[in-house]
Amino acid sequence: MEGLGLLWSIIIGIAAGAMAGWIMKGRGFGILVNLIVGLLGSLLGGWIYGLLGFSTSSILGVLLMSVVGAVVLLWIVSLFRRNV
14 MEGLGLLWSI IIGIAAGAMA GWIMKGRGFG ILVNLIVGLL GSLLGGWIYG
64 LLGFSTSSIL GVLLMSVVGA VVLLWIVSLF RRNV
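For the sequence shown, position 16 matches number 29 in our numbering, and the numbering has no gaps at all.
Honestly, the hints are just simulated from the structure, not real lab data. C-beta atoms are modelled at their ideal positions from N, C-alpha and C, and glycine is treated no differently. Warning: the hint list may mix true and false statements.
What the hints assert, rightly or not - Derived Cβ-Cβ restraints for the label pairs, each shown as a range:
hint	residue 1	residue 2	range
1	Ser71	Leu19	30 to 36 Å
2	Phe67	Gly43	27 to 33 Å
3	Phe93	Ile72	30 to 36 Å
4	Arg94	Leu20	16 to 22 Å
5	Leu20	Ser91	28 to 34 Å
6	Arg94	Gly74	29 to 35 Å
7	Ser68	Leu45	27 to 33 Å
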């Protein structure tokens with residue numbers, strides 16, 4: 014089942030990256046980078062939720078957590094891009 018968990022994580026991360034790109038309209042970096050950011054945002058979202066004491070086990074909850082992390086990550090990346 015670990016392989017399926019990894020596959021679901023990748024699929025949810027890609028979906029989160031796409032949604033974060035739509036939410037952060039004008040601050041995205043193209044579909045490929047947004048998808049990669051979605052994958053990394055899933056990790057960041059999990060960390061943020063852990064800090065806040067939240068926990069989720071449903072697919073929708075994990076998707077929301079991933080989107081939050083991806084939006085935060087896109088926002089951080091856009092700050093560095095603007096300054097360079």
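Going through the hints against the structure:
Our hint of 30 to 36 Å for Ser71 and Leu19 is violated, since their Cβ atoms are close to 18 Å apart. A hinted range of 27 to 33 Å holds for the C-beta pair Phe67 and Gly43, which are about 31 Å apart. Between Phe93 and Ile72 the C-beta distance comes to about 32 Å, which sits within the given range of 30 to 36 Å. Restraint check, Arg94 to Leu20: a C-beta distance of roughly 31 Å breaks the suggested window 16 to 22 Å.
The supplied range of 28 to 34 Å is met by Leu20 and Ser91, whose beta-carbon atoms lie about 29 Å from each other. The beta-carbon spacing between Arg94 and Gly74, approximately 30 Å, falls within the hinted interval of 29 to 35 Å. For Ser68 and Leu45, the Cβ-Cβ distance of about 31 Å falls inside the hinted range of 27 to 33 Å, so the restraint holds.
Hint check: violations occur at hints 1, 4; the rest are consistent with the structure.
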